[in-house]
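Order-wise, the sequence lines are chains A and F.
Just so we're aligned, residue 5 is where the first sequence starts under the numbering used here, counting upward by one.
Just so we're aligned, residue 70 is where the second sequence starts under the numbering used here, counting upward by one.
Calculated directly from the structure, the hints in this document are not laboratory data.
Because the structure is a prediction, the values reported are computed rather than measured.
One or more hints might be untrue.
Here are the computed distance ranges between Cβ atoms for each label pair [as the list claims (entries may be wrong)]:
#1 Gln75/A - Asp650/F: 20 to 26 Å
#2 Glu450/F - Thr6/A: 48 to 54 Å
#3 Thr6/A - Thr351/F: 55 to 61 Å
#4 Glu338/F - Ala72/A: 37 to 43 Å
Think of the CB as a built atom: it goes at the ideal place given N, C-alpha and C, for glycine as much as any other residue.
What follows is the residue order along each chain.
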Amino acid sequence: MTETVQLQYFGSVRAAACCAEEQAPLAENTSVLQLLHQLADAHGEAFRGEVLSGEALRDDLTASVNGAIIQHAAAEDIVLQPGDTVALFPIFPGGG
Amino acid sequence: MNAYTGKILYIDLTCGSCKTGFYDEAMAGDYIGGTGFGVKMLIDHLKPGLDAFDPGNPLIYVSGATTGTIVPCTASKFGVFAKSPATGLLGEAYSTGQWGAELRAAGYDVLVITGKAPKPVYLFIDDGTVQIRSARKLWGKSTWEAEQAIRDELGDQNIRVSGIGRAGENLNRLACIINDRFRAAGRTGLGAVMGSKNLKAVALRGTQDVSVADPEGLMAFCRDLFERAKGPATAKYRTLGTPANMLTMSAQGALPTRNYREAEFEKVENVSGERLNEQFITKIQGCSACPCRCEHIAKAREGRFKGAVSRMEYEPMMAFGPYCGVDDMNAIIKAIESCNIYGVDAIGAGIVVGFAMECYERGLITKEDAGGLELNFGNGEAMVEMVRKMSEREDIGDILAEGVMRAAEKIGGGAAHFAMHIKGLELTGYDIRGLKTAALGYAVSRRGGDHQRHGSYGWDLSGKVDRFKAEPGRGALVMGDEDMYAVIDSMIICKFTRTIWQGYEDIAKVYSLVTGIPMEADQLRLCGERMSNLARLFNIREGMTRRDDELLPARIHEDPIPGGAAKGSVVTPEDMAILLDGYYAARGWDNQGVPTDEKLDELGLGAYASIAEGVRA
Chain A
5 MTETVQLQYF GSVRAAACCA EEQAPLAENT SVLQLLHQLA DAHGEAFRGE
55 VLSGEALRDD LTASVNGAII QHAAAEDIVL QPGDTVALFP IFPGGG
Chain F
70 MNAYTGKILY IDLTCGSCKT GFYDEAMAGD YIGGTGFGVK MLIDHLKPGL
120 DAFDPGNPLI YVSGATTGTI VPCTASKFGV FAKSPATGLL GEAYSTGQWG
170 AELRAAGYDV LVITGKAPKP VYLFIDDGTV QIRSARKLWG KSTWEAEQAI
220 RDELGDQNIR VSGIGRAGEN LNRLACIIND RFRAAGRTGL GAVMGSKNLK
270 AVALRGTQDV SVADPEGLMA FCRDLFERAK GPATAKYRTL GTPANMLTMS
320 AQGALPTRNY REAEFEKVEN VSGERLNEQF ITKIQGCSAC PCRCEHIAKA
370 REGRFKGAVS RMEYEPMMAF GPYCGVDDMN AIIKAIESCN IYGVDAIGAG
420 IVVGFAMECY ERGLITKEDA GGLELNFGNG EAMVEMVRKM SEREDIGDIL
470 AEGVMRAAEK IGGGAAHFAM HIKGLELTGY DIRGLKTAAL GYAVSRRGGD
520 HQRHGSYGWD LSGKVDRFKA EPGRGALVMG DEDMYAVIDS MIICKFTRTI
570 WQGYEDIAKV YSLVTGIPME ADQLRLCGER MSNLARLFNI REGMTRRDDE
620 LLPARIHEDP IPGGAAKGSV VTPEDMAILL DGYYAARGWD NQGVPTDEKL
670 DELGLGAYAS IAEGVRA
């Protein structure tokens, strides 16, 4: 049976993915950053622009794994496990 | 000077006189505009210790350095300053729309309004001339009615009006100043200062050009800025807008819900930005010279609030939605519309109503106190009516109009434990128990419990730091944010577009192109630090101490977040000691939060050293 991770999208990431949640297949030893590249390949350029800046996570994106926000610098070191939930949030600084 | 008019209009409402003053290039280069001008003018013109409602408290309007120019997303901003009736400290708020550009086109950069008119008046500043006109027929009108009546009376539908509604007239300490119907100088109760002066509004008509030092260079750079402002960095503001934060904050356990009893809202989908945009947004519009167009206008679709219209942002939606346990979008739209019409801070008002709902459910406020309202969490109709009662000072609304700090003292029964304010200013939409950098930012914010003087929640929510951990190094992060925000609020740049600017370098470049005053990035950063220190001195002069920085609401210290992503989080007094010590050290202040003589000399603030000396141990 193929192993998967659960994905949750918010705000403009959700709009770019055209869904609020989905499951994605998970290969062994996949890091958070690798997963995002995999998702960007699947969803296209609009999604890629929402989550990535070049090869790295976009600076104003928050990513969490099982509810815990991950540090951007660690995105390529955090290896996902089957059944993990990854959430992607754009940060919206206020005005005023 | 270029861009700057160099003119300050002083108006004394007691004797009905006015005069024009001037400032020089040194003042412009040291203080930039906006925040810098506002803080400098206030500390220089306020007699220490005066009550906020004393006629001697100056109400100060300021434009930004680039106001009225083509620089995108800066052209329309202005700031308002006075001693705050909410905090007794620095009162400071910013607005946008069209009014700011009109002020400079009318010939002034700064208005300093003192005194109290014997009868209600409004000001009409028309291309350098000033009239103090009777507002007898305007007093009692809503902000929208007054704006229209002034335009009709003056026979010009293009006149720009910044004025107060019933809340300001009734000295509601949450009263704001409204312009262009949906725009507010919202926080710290400055509408009540205006009301205390019997001043209903300031109307403007300006046709004067604003000169810039290097038109060709500025045009070229602004083309680039316009492209950036239309690009991906601001796309989220044009599409879902800040209401997208509703789902995000709830999922991260940072959404203040039911007066901070929880940090996630089980009905958040009903009040999400996604639902708002799908079902309620009727128009998206922009400010003067702004390519972003972020202003989402919503209309209530059904029920007793059908037809209500409001501009929607995350903060007021949070305050009248999850904070009050309300998931009826129609009621939220109506509550925010009511705030615009009565002229009351839509963030603070929602926090006050949420506080009142908890008091009601604990039996500290009765149905009779509430004028027959059943003020339970989730009752959208009662919430809307309470905004009116607060503005008119009816029933319990008279006490709530004092803000949660003073209301809790009057209500008693332990209400102070869950009165969510810092230094008298109601908290905003980030549950700081699980955001330790933000907790420090809120604690030391120069205008009280607020996110807009530092934006330091960004460190916590982006995963750049451990959001649950208090560390001394957070002080330097908050300091850097504060000083940058002081510069942003001096130019005055819309914060929605701050990501299009590549740091101080870009801002310094635009400043020099516009004004002709040479400015380097390091100088500009120093200007921001100067403003932060001068604001600190103002607050110290008005009696603020380290203890005021330490005192978060008891619920923040003692009641852990009960569930969700931040379950168990509190900010302990030990956390605060670590954070404050780190912040003061980063600032070069002593351990009581007082700037040292060396720091003041470094920033060219030696003339104010006596304020620090007066409180130093």
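Structure-based check of each hint:
1. Gln75/A - Asp650/F: 20 to 26 Å: holds (24 Å)
2. Glu450/F - Thr6/A: 48 to 54 Å: The hinted range 48 to 54 Å holds for Glu450/F and Thr6/A, with Cβ atoms some 51 Å apart.
3. Thr6/A - Thr351/F: 55 to 61 Å: Because 45 Å falls outside the window, the suggested range is violated.
4. Glu338/F - Ala72/A: 37 to 43 Å: About 23 Å separates the Cβ atoms of Glu338/F and Ala72/A, which means 37 to 43 Å is violated.
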